[in-house]
Structures are given as structure tokens and as C-alpha cells.
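With the hints as extra help, turn the sequences into a complete structure.
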Amino acid sequence: MSGTSADAIDIVLARISGAPPRLKAKLLKHTSIKFPSPLRKAVLHVAEQQPISAGNLSRLNFRLGETLAEAALTACRRFRVSPKKIALIGSHGQTIFHQGRPVPYLGRPTASTLQIGEPAIIAARTGITTIADFRPADIAQGGQGAPLVPYADYLLYRHEKLGRVSLNLGGIANITVIPAAARPSRVLAFDTGPANMLIDAFVARFTHGRQRYDKDARLAQQGRSIPALLDELMRDPYLKLPPPKSTGREYYGRAYLEKFLRLGRRHKAKPKDLIRAATVFTALSIVDALNRFVLPKTRIRQLIVSGGGAHNPLILAQLAAALPQIEIVRSAQLNVPEDAKEAFAFAILAYETFHVRPSNLPSATGARRPAILGKISYAPPR
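The opening position of the sequence shown corresponds to residue 1 in our numbering, with each subsequent residue numbered one higher.
No lab work stands behind these hints, which were simulated from the structure alone. Treat the numbers as computed from the prediction; the structure is a model and nothing was measured. Any given hint could turn out to be false.
Calculated lysine-lysine pairs in the DSS-like style (CA-CA distance at most 25 Å, straight line) [stated by the list, open to error]:
1. Lys-245 <-> Lys-34
2. Lys-375 <-> Lys-161
3. Lys-272 <-> Lys-215
4. Lys-84 <-> Lys-29
5. Lys-161 <-> Lys-26
6. Lys-375 <-> Lys-245
7. Lys-29 <-> Lys-85
8. Lys-85 <-> Lys-272
9. Lys-259 <-> Lys-272
10. Lys-259 <-> Lys-240
11. Lys-84 <-> Lys-26
12. Lys-26 <-> Lys-375
13. Lys-215 <-> Lys-41
14. Lys-24 <-> Lys-85
15. Lys-245 <-> Lys-268
16. Lys-161 <-> Lys-240
Below, the structure is given as C-alpha cells:
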């Protein structure tokens, strides 16, 4: 799994068997491998909608496939498991464009998504059948192609008596709402807004690239709170859109960052003030989504937090303060390490695709019907 931040490749080793509703999935080991800096720079360049030739996009797709294959083999060495013992690789790839809602294009409304990291390369280099490119099949059925992790959230976290929300704090924040004893059709999921993306962008900018993220929210906690700035941020039109909805770097990328900086200048915000504002805005936008779209209809007892932002104490403190009736639980307490949950989810999706079973949740993505996700690149003959 490589997320919106494009800072690292997260890899899990999982043992999966059976079929829903008795599918068994156990996360055995996980690791993270940093992106080579020039490759990360190229990925972020195209993801920010900067011009790129068709030739360079093709080369980037194949180069990223090589990097993902190398990462998989490195992980095998770290896990001390032979690649020959791995039955299947699920690769999300790197999102460089995602627009789940149709927009006019060449005379017809068109939704689209693009993840790169050529899976044929991964299969060839590792000798392991690889499933990738999960999102287009959902879009083809009228869905937004996101979020897809709710299928795994449902399998992992459904509880007969407790209503739960699974919150992933990656580059973007997304939630999966799982009412007590829910059937799949009752699951609601959507992107609430930005998470680490804005925070990381400010940290990299203000430290001139010396830091990629705000470890333990140290910078944010040195900043002052500016309520008027937060009030303006909370007027963001995306927050008011009803689900199903999804977003990404296309909306919360460079243009949004420049807008944020202009607001900061208007309120005389210093760099650490802006980092604090981006951090608190992440928490408040999640709380707003819960209060606006979830809590009026569903009783929620636990908020299960995963992703890199789960290590940010300021975000967790803001969530706890604003949601006193809900227990905040880190996913590691339920045997899924915070940094491994999304990669684990795509392992489960790949397993389902290999067994020709649908793994989107139409109630989450807005698709007209279930879809079998992904494309298969078979391992070379032995």
C-alpha cells in the first residue's frame, strides 16, 4: 500500500482462508519501506496535476512497478519467508488521479481514477501472481471507486452489540460506520476531509524538507490556536457534501495549501500556528462528519483509529474532547497495527478477487451493484 502522502510503501504478511461470513484473516507481520526521494518527487509532481508527457507517465508506471516489486522482496527477507511460499500479492498502487464524481468531458459526464505501479512487473520480478487496480471496477458500476477499505473494516470490526466507526488517518481521513449487528448494506463510509496531507505539507515547507511529518505533534503543540482561522476552514464546501463522497490530492493539494496560506496571512499566523490549525482542522472535520451524517442516525460506542495520524496525540486529544460519549480505540488494541491496516485491507481484497467474489460495498461507494475488483497479472510459468 502506498498512500496519498507517497512517503513509504507499507507491506503486510497475512494468512487468509475461508469465505465470508466466515473468512479468517490474520496479520502476521508488517514493515514499511521509504520511497526513493527522486521517485517520490516524480509521483507528487504528477499527483499535483503538473504537466507530464505520456512517455514519462508510462516510464513512471513501470519504474514504480519495479520499486514495489523490490519492496515486496525486501519484505520477504525481513519476514524470513521465501517468496515461493507467498500465494498472492495485492498492490493498491499509487493514486495519481481520483475523481469519483462524474464531470463533463468530451461531451459526456465522466468519472475516473488512475493508480500506477505496473502489476505485470511485480508479478514478473517476484514470481507471485499480483492483483492491482482495484478502483475502476467500482466506478464502472456507478460508484466513486472509494472508499474500498470498508469491506475489510466490516469483516474485521463488525460487533453484535457495539456500533463502531473505523477511522483511518492517512493523507486523507476516511471513516467506515458499522452499526451493531449490521448487514453489509447498512455500512456507511466516506472521506471526511484531509488528515496528514496538509500537516505534512506544512511541515516539509517550513522545515525546508528536513522533516516530513510532525512527530508527536511537537510543532503543532508549540503553535497558538486561532479560532477565527478554524471557523473559516470549517466552511469548506466539501465538508457539507452528503456521502457517498471521496476526495484526495486533486482537492486538498497545492491549490488548497496556497488558499490555506492566504488565510493564515490574513490572521497573522506563524508557521507553527498553521501546523496546529491543520492538525486541529483534521480532528474538527472528522467530528463534523460524525455529527452531521452519522450520530443522528446510529449509536456509536467505539471509534477505532488507524493510519499514521493515529500517532498524533493532538488529533486524538481533540477527538476525545469533542466525542466524550465515544471510546477512542487504537486499531492495535484489536490486533491490527495502526500502520498496517490499509495494506492488510488490500490483501483481503486481493484474496476475494482471486476467488471471484465482489468486495466493494455499494452502500459505501454508491455503486449500483457489487463488483469484483482489480485486475490479475499472473506469475510467469515455472
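Hint-by-hint comparison with the structure:
no. : hint                : result
1   : Lys-245 <-> Lys-34  : violated (30 Å)
2   : Lys-375 <-> Lys-161 : violated (37 Å)
3   : Lys-272 <-> Lys-215 : holds (13 Å)
4   : Lys-84 <-> Lys-29   : holds (17 Å)
5   : Lys-161 <-> Lys-26  : holds (23 Å)
6   : Lys-375 <-> Lys-245 : holds (24 Å)
7   : Lys-29 <-> Lys-85   : holds (15 Å)
8   : Lys-85 <-> Lys-272  : violated (48 Å)
9   : Lys-259 <-> Lys-272 : holds (17 Å)
10  : Lys-259 <-> Lys-240 : holds (19 Å)
11  : Lys-84 <-> Lys-26   : holds (19 Å)
12  : Lys-26 <-> Lys-375  : holds (24 Å)
13  : Lys-215 <-> Lys-41  : holds (21 Å)
14  : Lys-24 <-> Lys-85   : holds (19 Å)
15  : Lys-245 <-> Lys-268 : violated (33 Å)
16  : Lys-161 <-> Lys-240 : violated (30 Å)
Violated hints, in rising order: 1, 2, 8, 15 and 16; the structure is consistent with all others.
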